[in-house]
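Make the full structure from the sequences, and use the hints.
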Amino acid sequence: KAGVTQTPRYLIKTRGQQVTLSCSPISGHRSVSWYQQTPGQGLQFLFEYFSETQRNKGNFPGRFSGRQFSNSRSEMNVSTLELGDSALYLCASSSGMSVITNYGYTFGSGTRLTVV
Amino acid sequence: AQTVTQSQPEMSVQEAETVTLSCTYDTSESDYYLFWYKQPPSRQMILVIRQEAYKQQNATENRFSVNFQKAAKSFSLKISDSQLGDAAMYFCAYTGANSKLTFGKGITLSVRP
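Chain order of the listed sequences is A and B. Quick note: the first sequence uses the working numbering, first residue 1, plus one each step. Quick note: the second sequence uses the working numbering, first residue 1001, plus one each step.
It is possible that part of the hints are untrue.
[Said to hold, decoys possible] Straight-line C-alpha distance at most 27 angstroms; calculated BS3-like pairs for lysine-lysine:
#	chain 1	residue 1	chain 2	residue 2
1	A	K13	A	K57
2	B	K1073	A	K57
3	B	K1055	B	K1078
4	B	K1105	A	K57
5	B	K1105	B	K1070
6	B	K1055	B	K1070
Hints listed in this document are in silico derivations from the structure and should not be mistaken for laboratory results. Bear in mind the structure is a predicted one, so any value in this text is a computation, not a measurement.
Following this line, the structure appears as structure tokens:
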């Protein structure tokens, strides 16, 4: 079974630009979550999509947005990039079942975004 | 809000020895899951072990086992017969009804040959 695929692996952008990151979950998984990882703040939850609907959202400004397509692939977009947005962005997929049957989350290798 | 605390930033273990990584959490939920994830330099987060809160029996996966103390809200990971490939960053994580993962700050484990 193919794993979670994130593209691109690396990205360098200039302040003020916008960026789109892509995540393809494991086949059959309907939930896709996004996390930001930085040395200072650690791993922080951005949002989760399930069956094309945002199910949960973290405490990030509106510049961070996402969407999910009918094939469960997800994209996240960051507009008006700031230096502080430099981070590793990780995507995780799961079956999306209830907390009673949560078998864990499978992560991709992440996209390293550098804002200069 | 749920919190996960990993108070040790770094640990070191001799190859073939046993090491225990500590984690405490705080929650008011009764149904939840706890996880340990490993993140090697390749960056990919790898699930090491999971524990359902309603199960009293501690989870075990080969050389990895947990000591889950629900009343104390403690969830430590024991790695037996440590191998060089175990060197990585380890994260303790919690998920409850809202299905989002809350992570601890992580601990860097080094393995001495």
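Verification of the hints:
1. A:K13 / A:K57: With a Cα-Cα distance of about 25 angstroms, the restraint between A:K13 and A:K57 holds, given a limit of 27 angstroms.
2. B:K1073 / A:K57: Holds: B:K1073 and A:K57 sit about 26 angstroms apart, inside 27 angstroms.
3. B:K1055 / B:K1078: 18 angstroms, holds
4. B:K1105 / A:K57: 20 angstroms, holds
5. B:K1105 / B:K1070: 21 angstroms, holds
6. B:K1055 / B:K1070: 10 angstroms, holds
Every hint, counting from the list given before, is met by this structure.
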